[in-house]
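Let's have the full structure, built from the sequences with the hints guiding it.
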Amino acid sequence: MYKYVLGVIFLVLTLPASADNGLVKIKSANDVTTTSNKLVKALKSKGMTVFDVIDHAKGAAGVGIELPPTTLVIFGNPKVGTLLMKCSRTAAIDLPQKMLIWSDESGQTWLAYNDPVYMAKRHGISACGEVIKKITGVLGKFSSVATAP
1 MYKYVLGVIF
11 LVLTLPASAD
21 NGLVKIKSAN
31 DVTTTSNKLV
41 KALKSKGMTV
51 FDVIDHAKGA
61 AGVGIELPPT
71 TLVIFGNPKV
81 GTLLMKCSRT
91 AAIDLPQKML
101 IWSDESGQTW
111 LAYNDPVYMA
121 KRHGISACGE
131 VIKKITGVLG
141 KFSSVATAP
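Take the sequence shown: its position 114, counting from 1, is numbered 114 in the numbering used here, and each next residue is one higher.
Keep in mind that the hints were calculated from the coordinates and are not lab data. One or more of the hints may lead you astray.
Below, a list of computed lysine-lysine pairs in the BS3-like style, where the Cα atoms sit at most 27 Å apart [stated by the list, open to error]: (1) K133 with K38; (2) K58 with K133; (3) K25 with K79; (4) K38 with K86.
The calculated label-pair distances, taken between Cβ atoms and stated as ranges, are [as the list claims (entries may be wrong)]: (5) E105 with E130: 37 to 43 Å; (6) P96 with G62: 22 to 28 Å; (7) G140 with P78: 16 to 22 Å; (8) G137 with V63: 35 to 41 Å; (9) K41 with D104: 21 to 27 Å; (10) G64 with K121: 27 to 33 Å.
Beta carbons: idealized from backbone N, C-alpha and C, even for Gly.
Here it is, written out as structure tokens:
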């Protein structure tokens, strides 16, 4: 009975993380291009390095496949990312940070990024709460700017 109760508790505790797969998703008031441009502008204005902006729809068109607008923005700040990697080297697989902007079948634009808290759990990071808190706040601000009208 004890094992059964523990199993149920474990399942209940992991449901929220499984349901969203660690992604923070936000509706955008703009189209994909505008959301992407606003994000890149906000990132650069705060000294972030924008490593690349990948237009997946353009790539798909290059091989004859139609894909609704889908853009990936890859960015980071070595001062913060390095602190996270010092907490756990495996966190490097999730860095630099990424934000995905896409248009769904109904034409709604979305912005998504990896939840830093989920990422910390994934990599067993428990001693770097302040870094995770800072990253969470910064990603929230950038996503708010990009998705605002």
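Each hint, compared with the structure:
no. : hint                       : verdict
1   : K133 with K38              : holds, 23 Å
2   : K58 with K133              : violated, 35 Å
3   : K25 with K79               : holds, 26 Å
4   : K38 with K86               : violated, 31 Å
5   : E105 with E130: 37 to 43 Å : holds, 40 Å
6   : P96 with G62: 22 to 28 Å   : holds, 24 Å
7   : G140 with P78: 16 to 22 Å  : holds, 21 Å
8   : G137 with V63: 35 to 41 Å  : holds, 39 Å
9   : K41 with D104: 21 to 27 Å  : holds, 24 Å
10  : G64 with K121: 27 to 33 Å  : violated, 40 Å
The earlier numbered hints that this structure contradicts are 2, 4, 10.
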